[in-house]
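Spelled out from the first residue to the last, the chains are:
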Amino acid sequence: MNALKDKMQRWILSLPHGPAFQTVTQHVEHLAEQLYCHYEPTKGASAEFWQRFEDWLENGTDEAMQQTLFRLLPSLFFIGPSELDNLYRVAFNSNISSWLIDQLSVPLDDPNMFGKVNESLKHTWFCPLTDSMRINAFYHLNHISGRDHRPDWLSLALLAEPTKLEAFLKDYKIERIVLLEDFVGSGSQIEPAVTFAGSLSSNLPTLIVPLVICPTGVDAAKVWESSFPNIQVRPVLKLRNSDFLTRVPQTDEPPDHCDFRQLAIDSFPKLLGGSTLAEAKIYGPFGFDDTGGLVVLATNCPDNTLPLVHHGSPTWKPLFPRASRI
Amino acid sequence: MDNRTNPFNELYVSETVGSSAFVQIFSPSILRNASALFLPGNVVLKGMQGSGKSMLLSLLKPEVRLAYAESDTPFPVTGKQARFIGAGINLTRSGAIDFGQRTLDPERSETEILPVYFGDFLNYWIVFDILSTLELFRDGAHGVLAKELQLRADPERLNAFVGTLKNSRCWFGYLDDVTTYEGFRQKLTDRINHYLEFLNFNSDHLPDSIRTTKTTVGEPIAQTATALVSSGVLPEDVHLFVRIDQYEELIRLEGRRKEYGSLFREVVNKALSLRNPNVSYRIGTRGYAWDEHPRVYGTVGNLERDRNFKLIDLDEMLRRRENPKTWIFPEFAEDVFCKRLLFAKYQDVPKSAAVEKVFGLGPTPEDRARRYCGKASSRAVKLEENWPPAWGTYLLHIAEEDPLSARLGEAWARQKGKGKIVTQQPDGVPVWNEYKNRYWRKERTQAALMQIAGRCRQRMIWAGADDILGLSGGNILVFVSLCQHIWSAWLRTIRGVDVEYDNSIPALDDTVQAVGVHEASTHWYNKLAEESGGTTRQRFVMLVATDLEKRLYNDDALSYPGANGFSVTLDELESYPHLRDFLNECVDYGALVDAPHTTKETNRRPRRKWYLNPVLSPYFRLPHVRTKEPAYRPIKDLLAWFDAAQRLGPQPATEPKKTVQDQPNLFQEESS
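If you read the protein sequences in the order shown, they are chains A and B.
Quick note, the first sequence lines up with residues 1 to 326 if you use the numbering used here.
Quick note, the second sequence lines up with residues 1 to 672 if you use the numbering used here.
Derived from the structure by calculation, the hints contain no laboratory data.
Heads up, some of the hints might be wrong.
To be verified - In silico EDC-like pairs for lysine to aspartate or glutamate, Cα to Cα no more than 20 Å straight-line:
#1 A/Lys7 <-> B/Asp509
#2 B/Lys187 <-> B/Glu156
#3 A/Lys270 <-> A/Glu54
#4 B/Lys325 <-> B/Glu356
#5 A/Lys43 <-> A/Asp62
#6 B/Lys339 <-> B/Asp72
#7 A/Lys43 <-> A/Glu54
#8 A/Lys122 <-> A/Asp171
#9 A/Lys5 <-> A/Glu54
#10 A/Lys5 <-> B/Asp510
#11 A/Lys7 <-> B/Asp510
#12 B/Lys166 <-> B/Glu112
#13 B/Lys258 <-> B/Glu112
#14 B/Lys375 <-> A/Glu119
#15 B/Lys628 <-> B/Asp556
#16 A/Lys170 <-> A/Glu119
#17 A/Lys5 <-> B/Asp509
#18 A/Lys5 <-> B/Asp498
#19 B/Lys339 <-> B/Glu356
#20 A/Lys5 <-> A/Glu40
#21 B/Lys375 <-> A/Glu48
#22 B/Lys416 <-> B/Asp556
#23 B/Lys375 <-> A/Asp6
#24 A/Lys5 <-> A/Glu58
Stated by the list, open to error - Going by beta-carbon spacing under 7 Å, a handful of chain A positions derived as facing chain B:
#25 Leu4
#26 Gln9
#27 Ile12
#28 Ser14
#29 Leu15
#30 Gly18
#31 Gln22
#32 Trp50
#33 Arg52
Beta carbons: idealized from backbone N, C-alpha and C, even for Gly.
Isolated chain A (complex conformation) (with noise of 0.2 Å):
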């Protein structure tokens, strides 16, 4: 470990790189301390973040790939707890509120706006779409009370009678959903979901609130409104493709990328440890529908960011270990 910490400020101390490498570290130390701490998947028995962060530069088979992981480490979008609240606030008062204005076509300049949308709040129901969504943390910060049911809508689709379903919507006077969802990638985890709110007899207007969604979620969001009329999508946060590490090269993509996707290439054999990729249970080097993510939430990581960032297997050490489903 010694040797790394050495070898980090002889490359410190290097030209040309040397001053990024005294910023990527101040960087990392800034952010260990604010946002990496966070990461729930590592809390309780598992190395904390230092001692995962030198075992993930030691991934590195060689002094260049361990500069190149190093200086990856500031691309990662990381989004802590707070980031998570502040997405839990901006959905409601943004998304959602100017969703519920435009459903009760109230006029702006009513001086009663709020009251009628805080008096439809009684007749919205907020679900989360996947157990991921923290929906109980998302009632409480913006003080939504009133429904002791919130189940998540994936499991919805695979085990509740749509029947029974409706008879709910009635029974207790639900006249719109919004479904929630922290982070959302291609889209396909949550399109059973969708599917179901979307062919629901009752047809009650929906609103799909996505917290964070890549380039290619946007596009299958699109695809749903146009097949379920009832259907809205209003993310929060839309990422930009130049935040993704595609295999392809893009036109606009940071100068760095190009290191970072012969790394990626490069590393896949070590990562996967002589395993298939079905053994290992990963996608490929850039994750799941290739779709090269470059994101970490605080609650686990996404399995489209890349694998050398999560995946771990006896020839790798994960930086951010992935709590996987499967």
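Based on these hints, arrange chain B on the given structure of chain A.
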């Protein structure tokens, strides 16, 4: 003690550290050269940010004095010099600087009336603060200080003091209805509150009771001091020091208030011109913020140095001199360093040379060169094609053991009149290493190291007590900041190592120091942009440093090893006052350091030279050591840098381009 805490985390002792911590951290070693601060007579304490002005002035604060008394720590000033009480005003925090943001009297010229109100506010604030000091001394530290200074602030005496004071003509009748000390205090509070309410737009007018009783700046303060003595509250030998903090903020007022700023300074200067035997003023200011000939409000006269005030120039006092034995900064820094370590509960702090114990002596120049080269020593030298192969082989052979010597040999061969050496290789000690050429070698060592590092694609190493002190440039804030970053870099290396209860002071590795120094340097470079006009100064420094670095790096013959600074003639500079003022600002804000330059030119025209603030040198890969002559630059070079720095700055708002409207006019144009 947890060894993972950084003893240097808190950079500013006087502003953020509480009074009790101040007692433990304050270094009295600077006082030896600033004794005028505790003697009667006005004092202007001048120095750039972090030079220690606020720290010194804090000793005049009653809270700090009380903290010493409460902690049983001897006050750093003793004897007659300790017989004082302090009061003061912070021009920013008090709201005094807000004068001018609201029209006081629409019927009168603001420039005529504003300074009077400003002076009146100053008077009342300071008098109120004098009372607060008396009460603090009376009630605090179990009366120890009151006893020591023989203050007698009992109610009868205070009432007698008010009885004497209220009759003075300086108040213009404002205190006529006051009968007790409490009433006096309340009256002062009311007046200050009226001012603040008005300045903050919480009231429509200043009351008539203020409009008709405006006082002359300094006079009520002088009368208060006299009355305190005559009524027996204050013994005759106890002096009153009045601090004026943030004086330089008056220069930074912008727009219409810029004009008021200079008037306000004249008002403060007027207080200094009064020369009362019981009251002295203490002003802390950045170097060039203090005019050479400060004007006095309402007169055509100026304050005269040594007659109206004494000047303590901290930058000058702490600046490195030719003779290192007369340089007082290392002792000051050593004391600050030890106190910080002791405050952080390190227990084996040596009584002397703690800085050297922690930072060591640093690598020798030869070692530095070897480290830059690593295994590729040949990169230290650049051979000319027309040189005999034997000479090349000779230099490369030397480089294997001593790359610095090889680089100096290369330079020797390139210098005028020395080129024949390429055909006459020395048998023994190379000529450039001979004793008689020791100065030639010494003067070129830093530039040679800089070039070797560059050729080997390495950043230069700054490590060891000498380097740390040198980079501090006589500025204690920079020194503490360097220590802070080095300590942080060291703490990173012990992450995961169980040192929780280890309280021994570390001997820090050169590499750790080098990393910390580069971080500190980057921090100071980024910090340049922080204050008003900072981005222009930052860009100017970038342009200057890049130019200097390029020239120095490409000087293969090492003919101009002192070109890490530049010099221009004063007469040329005086022709461009905006450039002169800008350079002065750069010095005040710690971007550059300046000094008179004794020219070697035959015309003997007086010159001034500038260098980067030493702490910025690592960021720009320039040696911080000054040697030989700086680069003589024509004024047009400076103008070009200045112009480029400004051009890259925020552009004045331009008229938005007119867009072509394809929408028809709402009203038909009438046809003629």
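Practice item. Kindly indicate which numbered hints from before are broken by the structure, ordering the numbers from low to high. Key: 5, 12, 14, 20, 21, 25 and 33
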